[in-house]
Amino acid sequence: MGCHIIIDGYNLIGSENGLKGNLEGKRKLLIHKLQEYQQKKGHTVTVVFDGWRAGWRQQIEELSGGITIIFSQLG
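For the sequence shown, the numbering used here begins at 1249 and goes up steadily by one.
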């Protein structure tokens, strides 16, 4: 039985080269890498992009390529 892995998306992106530049492109690349990982390992993967500074009015949750993506709400 696989495990459920929860990733702090912005933390992981920022750990490589900071959160500068094309953030949308960096999110898409991370999501793609996590989809590949999920397919290889079979674990449940959730990636959360926290919006405490510049988030959405409401939390957005979607399923893409087998992983759950959450954009948390502002605050």
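It is worth saying that the hints were derived from the structure and are not from the lab.
Source: prediction; values computed, not measured.
Just to be clear, a hint being listed does not mean it is correct.
Unchecked claim - Result set (DSS-like, lysine-lysine): computed pairs, CA atoms no more than 30 Å apart in a straight line: (1) Lys1289 with Lys1274; (2) Lys1281 with Lys1268; (3) Lys1288 with Lys1274; (4) Lys1289 with Lys1276; (5) Lys1276 with Lys1288.
Claimed, not checked - Okay, the calculated beta carbon distance ranges per label pair: (6) Thr1292 with Asn1270: 25 to 31 Å; (7) Leu1260 with Glu1309: 14 to 20 Å; (8) Leu1267 with Gln1321: 27 to 33 Å; (9) Asp1256 with Gly1314: 28 to 34 Å; (10) Gly1262 with Thr1294: 17 to 23 Å; (11) Glu1310 with Asn1259: 15 to 21 Å; (12) Gly1250 with Gln1306: 15 to 21 Å; (13) His1280 with Ser1320: 18 to 24 Å; (14) Gly1290 with Gln1321: 28 to 34 Å; (15) Gly1250 with Asn1270: 28 to 34 Å; (16) Lys1276 with Gln1321: 18 to 24 Å.
All residues carry an ideal CB built from backbone N, CA and C; glycine is no exception.
A quick look at each hint next to the structure:
1. Lys1289 with Lys1274: Within the cut-off at roughly 22 Å; holds.
2. Lys1281 with Lys1268: With a Cα-Cα distance of about 19 Å, the restraint between Lys1281 and Lys1268 holds, given a limit of 30 Å.
3. Lys1288 with Lys1274: Holds: Lys1288 and Lys1274 sit about 21 Å apart, inside 30 Å.
4. Lys1289 with Lys1276: Holds. Lys1289 to Lys1276 sits at ~20 Å (cutoff 30 Å).
5. Lys1276 with Lys1288: holds, 19 Å
6. Thr1292 with Asn1270: 25 to 31 Å: holds, 28 Å
7. Leu1260 with Glu1309: 14 to 20 Å: holds, 18 Å
8. Leu1267 with Gln1321: 27 to 33 Å: violated, 19 Å
9. Asp1256 with Gly1314: 28 to 34 Å: The hinted range 28 to 34 Å is violated for Asp1256 and Gly1314, with Cβ atoms some 19 Å apart.
10. Gly1262 with Thr1294: 17 to 23 Å: holds, 18 Å
11. Glu1310 with Asn1259: 15 to 21 Å: Holds - the Cβ-Cβ distance for Glu1310 and Asn1259, about 20 Å, lies within 15 to 21 Å.
12. Gly1250 with Gln1306: 15 to 21 Å: For Gln1306 against Gly1250, whose Cβ atoms are near 30 Å apart, the range 15 to 21 Å is violated.
13. His1280 with Ser1320: 18 to 24 Å: Distance hint for His1280, Ser1320 holds at roughly 21 Å.
14. Gly1290 with Gln1321: 28 to 34 Å: holds, 31 Å
15. Gly1250 with Asn1270: 28 to 34 Å: Holds: the Cβ-Cβ distance is about 32 Å, inside 28 to 34 Å.
16. Lys1276 with Gln1321: 18 to 24 Å: holds, 21 Å
When the structure is compared with the earlier hints, violations turn up for hints 8, 9 and 12 and for no others.
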